[in-house]
Amino acid sequence: MRPAFWVPLILFLGLVAAFAVQLASGDNPHDLPSALIDKPVPNFDLPPIRMGEAGLKSEDLKSGEVVLLNVFASWCAPCRIEHPFLSELAEEGIPVYGLNYKDRPQDVATFLRELGDPYAEIGADNNGRVGVDFGVYGVPETYVISGDGRIMYKHVGPILPQNQDDLRKAIAAARQPEPQ
Amino acid sequence: MRHYIYFAGLVIVALLLSFSAHAVAVDDNPLPDQAQEAKARAIMGDIRCLVCQNQSIEDSNAPLAKDLRDIVRAQIAAGSSPDEVKAYLVERYGDWVLLKPPLNIRTLALWLFPPLLLLGALLFILARARRTPVNQGPTPLSDAEQKRLDMLLAQNAANSHGTHSGKEGTDS
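Sequence lines, in order, name chains R and Y.
Count along the first sequence from 1, then add 5; that gives the number in our numbering.
Anchor point for the second sequence: position 16 equals 0 in our numbering, and the numbering is continuous, going up by one each time.
Any given hint could be a false lead.
With a Cα cut of at most 27 Å, we get these calculated DSS-like pairs of lysine-lysine [what the hints assert, rightly or not]:
id	chain 1	residue 1	chain 2	residue 2
1	R	62	Y	50
2	R	107	Y	70
3	R	174	R	67
4	R	174	R	62
5	R	174	R	107
6	Y	50	Y	23
7	R	44	Y	23
8	R	62	Y	70
9	R	44	R	67
10	R	107	R	67
11	Y	84	Y	70
12	Y	70	R	44
13	Y	131	R	107
14	R	44	R	174
15	Y	131	Y	84
16	R	62	R	44
17	Y	131	Y	70
18	Y	23	Y	84
Worth flagging that the hints you see were computed from the coordinates, not collected in a lab.
Given only the sequences and the hints, what does the whole structure look like? Please build it.
Below, the structure is given as structure tokens:
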């Protein structure tokens, strides 16, 4: 058999292999990598959702320990799915900060009353500009931030049961001092 | 008849109006300066809407696309160059936010693949063309073939002259 005979078959099998690898990886092509991984959190200073409470500013995220920043909104249905897991993490002592994206104060209050409030502090991003600075393109999104205020990991979409391990691993990795 | 002309005119005007309505999203505030607005719009056409992912922010009515349009307009109005505006967005959303990927080390394969494929195809065709000899008219019959052809022709001639059955005689 001439070698040229096998070329189309080999090309085809190569394609099949490429597709199979991508399908089996379980990666959602809609999940974009963050451009801000390993970069310091952008500077911001947001008002609270309720008068008299503390808002949220970049310094709060540079607390010396690993923290989470969760982008959420009361109008966001998937946010309700991940809410119990955020509460679980908060109970374990991991500070969870909230970036409340384009929401109304009374709606957030109802949301937190119904589902519980895992957030150490919440900043109200009413026009979504801080969201843009973080590269947010959908709600919810969750960021793991190192003690010195760098973004170590980003999860797009709700943290489903199958994502919980990855998030915990990312938190553990962020706690490890970087090998020099 | 005149009614029809009026009607046709009305339809044309309605069509023109609907096209101009498409040009700017309803909730947008175009910049007052025409030149600046044109500049901003050119940038918007190059920026991917991250929610819909295969539309530019100029075409998309996603809320995030509107936010990004506002940002582009504000920065152009503040005197930023198109490259500065794009750099601002790339810093936040990565190269992916550009509909046309930039040429860098990570996109090298993407940019080089089509010309390399074309080159490969050309080389393949050239190689094939050289291997197959150019057609120089029909090959002459070998001695055996010629002999057999003469025999068949002779047989055919004999049949058509002999029986007149017409079954084998195609020339009758």
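Hints, verified against the model:
1. 62/R to 50/Y: holds (25 Å)
2. 107/R to 70/Y: Answer holds: residue 107/R to residue 70/Y is near 24 Å, not above 27 Å.
3. 174/R to 67/R: holds (20 Å)
4. 174/R to 62/R: Distance ~26 Å between residue 174/R and residue 62/R Cα, so the pair holds.
5. 174/R to 107/R: At roughly 30 Å apart (the allowed maximum being 27 Å), residue 107/R and residue 174/R break the hint.
6. 50/Y to 23/Y: holds (17 Å)
7. 44/R to 23/Y: violated (31 Å)
8. 62/R to 70/Y: holds (26 Å)
9. 44/R to 67/R: Cα-Cα ~13 Å, so holds.
10. 107/R to 67/R: Holds, because 24 Å separates the two Cα atoms, which is no more than 27 Å.
11. 84/Y to 70/Y: holds (12 Å)
12. 70/Y to 44/R: This hinted pair holds, its Cα atoms lying about 19 Å apart.
13. 131/Y to 107/R: Violated, because 95 Å separates the two Cα atoms, which is more than 27 Å.
14. 44/R to 174/R: It holds: about 19 Å lies between the C-alpha atoms, which stays within 27 Å.
15. 131/Y to 84/Y: Between residue 131/Y and residue 84/Y the Cα gap is close to 70 Å, so the pair fails against 27 Å, i.e. violated.
16. 62/R to 44/R: holds (16 Å)
17. 131/Y to 70/Y: violated (81 Å)
18. 23/Y to 84/Y: holds (17 Å)
Of the numbered hints stated above, those contradicted by the structure are hints 5, 7, 13, 15, 17, listed in ascending order.
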